[in-house]
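Trainee: Given the coordinates of chain A, work out where chain B should sit on it, guided by the hints.
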Amino acid sequence: MSRLAQVAALSAFLFAVFAFQAGAQSKFHEAPALAEQVKAGKLPPVEQRLPEQPLVVPVVEKIGEYGGIWRRAFLGPADANNYVRVVYDGLFRFTPDGADIEPKIALGAKASADYKIWTIQLRKGARWSDGEAFTVDDILFWYSNVLLNKDLMPTLPSWTRNSDGSAMKVEKLDDYTVQFTYDRPATLFLSEIANQDGPDQTLAMFLPAHYLKRFHPAFAPKDELDRMAQAASFKSWTELFNAKAAPAQDPDRPTMAAWIPITRVSDQVFTLKRNPFYIGVDKEGNQLPYIDELRFTYFADQQALNLAAIAGDFDMQERHIQMTNYPVLKEQEKNGKYRVIIWPTFGGSDAVIAFNSTYTADPAIGKLLATKEFRIALSYAINRDEIKESVFLGLGEARQPVAAPWHPYFPGKEWATKYTEFDRNKANQILDALGLIKRDPQGIRLMENGKPATIEISVVPAFGAWPDVAQLVAKDWGAVGIRTIVQIRERALHFSMRTSNQLMTEIWNEDTTAFPFTGGSKFDPRNGPLQQLTVGPLYYRWLTSGGKEGVEPPEPQKRITQLVDAARSTGRDGQIKAAQELYRIWADDVYEIGTIGLTPMVQGVVVINSKMHNVPTTLGNDWPLRSPGNARTEQFFFAK
Amino acid sequence: MTRYITHRLLLLPLLLLVYSFVIFVIIQAPPGDFLTSYVATLSASGTSISAEQIQALRHQYGLDQPFVVQYLYWLRELLHGNFGLSLEYRRPNADLIGEQLGLTVALAVMSFVLTWIIAVPAGIYSATHQRSVVDHVLTVINYIGVATPNFMLALILMWIAFAYFGISITGLYSPEYTDAPWSMAKFVNLLEHIWLPALVIGIAGTARLTRIMRANLLDELNKPYVVTARAKGLREWRLVLRYPARLALNPLVSTIGWYLPQLFSGSLIVATVMNLPNIGPLLLRALINQDMYLAGAILLIYSFLTIVGTLLSDIALAMMDPRIRMGM
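Residue numbers (my numbering), protein chains in the order written: chain A, 1 to 640; chain B, 1 to 328.
So that you can see chain A by itself, here it is in the shape it has in the complex (with noise of 0.2 Å):
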């Protein structure tokens, strides 16, 4: 695994290599289908088509054929991200180990020495799918009227804030140069970036301004938008703009991915073929991607789909697939149809258990659960070899939810294996200790106010297996004298229950250990219980309202805060060590207990077809990475 460098210079390094290969390539090559509709007419020749440093994408065995359709599956339009996920459709991404950012889209960026201006370079002659050129005004359009339009954006997203809470400043420096000013060191501006590709409903920080200005009140009519609007059902033209700049909503929207679609996410088949102006080539100038075409199908029932991965129904598929279904996957593998291969989880642990500190309904209990010393005895108790041989099939290590050992953010071992030793003894001292020594008939330790210490785990059955976690450590704690009941719920109750503050404590796993700065951190209390798990979210209601309401943080949550923006504005060693900290203060103070980490329970398991090639063995696997995005899907291809 390479080590994280210094982005910006590895951008300007990238810049060089590609200038350099692009001015050796005379000639390019094409799709046979392409190449037909260029005799025909209708397209024109491929070295029109692409720009004058097209993107040089590496190959992971061998250079692909052209031809073949992709079959995958996904569970509707909630699943969007599937989509978003294959694409990858943004300026910057991260490569495939996940250490790095690379261009994409973009030719590359560049900061000032302070790290305040921040220089992106677009790809002189790059193309939308529809043909229209793709320059600094379509970023433009997003930064004036989507940025800065309070009705399609209420709240500016923390990325794009000043220190004072204003937007930062975008400029045309010219048509292939964007200039980004911070008041603030931003050195974590390509992390960000390299995630503006349009997940979850939200929208590109890249936008076909020629398709879009028809929908938007800035250019056209609001009379006639209001027509539009009501027409397709929508209430507001918001609405209607958001679903026309949504690819997935709306085949119409030129996108500038490998794969556009030609259906709806919200079909029965959700289908994309290949964009004719797609930027990237391999080092033979063949114009990317190799496969054709894309197809998810549809399946109402995750079961379904998992049966339909082991009859060999899908050419390429991790989504949905379920870890326990492995064995059974292994055995099929045999008939040859396909291979399947793992792709383990990129830290954390991968069924956590998240103490409640602030939780309020019942004091005594509530006392407990923020009681550190509690929290050390309960981790002590389990029995993690158990866990990980009967319900992770004895893939993983016994671990806390800390960063993974071979990435830069690694806390020590000392930090990722604390307090997870069985000791049962140990735990009981130190229950003993905290004044729970008295025991009603049944064993149970008694709480200072004479009730049974009783503790309930709120668990989901989302990723499969976490109710089977939640009933071996019941019994693990029952045995030290805490009672423990699992609470399986359906899933949005489940949310709500947390969200109201009304969890003891939940299982859920605790991953994007490499960004714990960037995007929706799990460990920066102020992202509160919708992002993070049931840490505190009465930490979060007081660090939000300005200490007006819920609990004050103790000083290790408040270091946390302090660390997160301290890395917003240092470099990439400051940034190393205050992860570092981060994570041990994390062990040290177990706010959620790990269990299990580094299996691949999380879209780990890989369903290939026998044919498919290029698709690696290893994988950085997390959604901040957009896996398998960042395998650079755009030279998978099928073997003849």
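Because the hints were derived from the structure by calculation, they are not lab data.
Careful, some of the hints might be misleading.
[What the hints assert, rightly or not] Simulated crosslink set (DSSO-like; lysine-lysine; CA at most 30 Å straight-line): (1) LYS273(A) / LYS367(A); (2) LYS367(A) / LYS124(A); (3) LYS223(B) / LYS611(A); (4) LYS223(B) / LYS640(A); (5) LYS337(A) / LYS186(B); (6) LYS223(B) / LYS273(A).
[To be verified] For the chain B half of the interface with chain A, some residues (derived, Cβ under 7 Å), not all of them: (7) GLN28; (8) ALA29; (9) SER37; (10) VAL39; (11) THR41; (12) THR47; (13) ALA51; (14) ALA56; (15) ALA147; (16) PRO149; (17) ASP219; (18) LYS223; (19) PRO224; (20) THR272; (21) PRO281.
For every residue, glycine included, the Cβ atom is placed at its ideal position computed from N, Cα and C.
Mentor: Quick look at chain B alone, frame taken from chain A:
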């Protein structure tokens, strides 16, 4: 009679109004709203969304309005003949339902026809050959058919198809036809696939109908007119089909009225398990995700069909039975 029907028809809008309110209350009853479900869905696939973003969406979708305001908004749209916009699909509900309607009805009609084609002859055979080996075999099959939940049967069939024939029998077409325009080939492909889900959905009904047909016919077979006809030398099969079988069918015919709403909702769980593109999974999904306007639209149509179906069977009953007719 006319007065009775007019009276019932006049009641229809009022009933629908009451239903619309009840439906809306029930859909809103679970904690949270569509966006809570959306957040949960995202988390379950490894994504998170910020509180500000959720707030913006909640405002955009009007979910921050009080319950009554949301209901009145929905009602106003309904009165204009507009079923509203699906929160999840971001498309008009009428379009979504319309797209699925054809296949939903096709599947229901198919399973209905299969049910009758199998049940009526089997019932007749069982009755005329009472206590024969075939009768006993059919009886056992019928009991299993009634007792097995059909989604279970679907799962078993899917597993057998996969384990022994290496095929997956989900969906209604082969992949290459799913979004192809209608053609003869696609129609043939549909026929190749549709019989199995139709059979699975219809199997419990088939078993029940066979039992009813058998019992009814047994009652008729011992009646004097049958003995008389037989004594006069009428051929046995001709006799059975002409007189007692026709009478035995009457109670079956009166159940057709109930079939109307079922025709529309299909078999929700089977369709979900077998991944059939009909309204069943659409409704289930809308309910799970609290996509209230879509769920409301489907349930309202369902209520409408239930009311009309009941009315039709009442009319049929009134026409058949003078006692009910006179009492009006």
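Trainee: Which of the numbered hints are not met once you compare them with the structure shown?
Mentor: 1, 2, 3, 4, 6, 7, 8, 15, 16, 17, 18, 19
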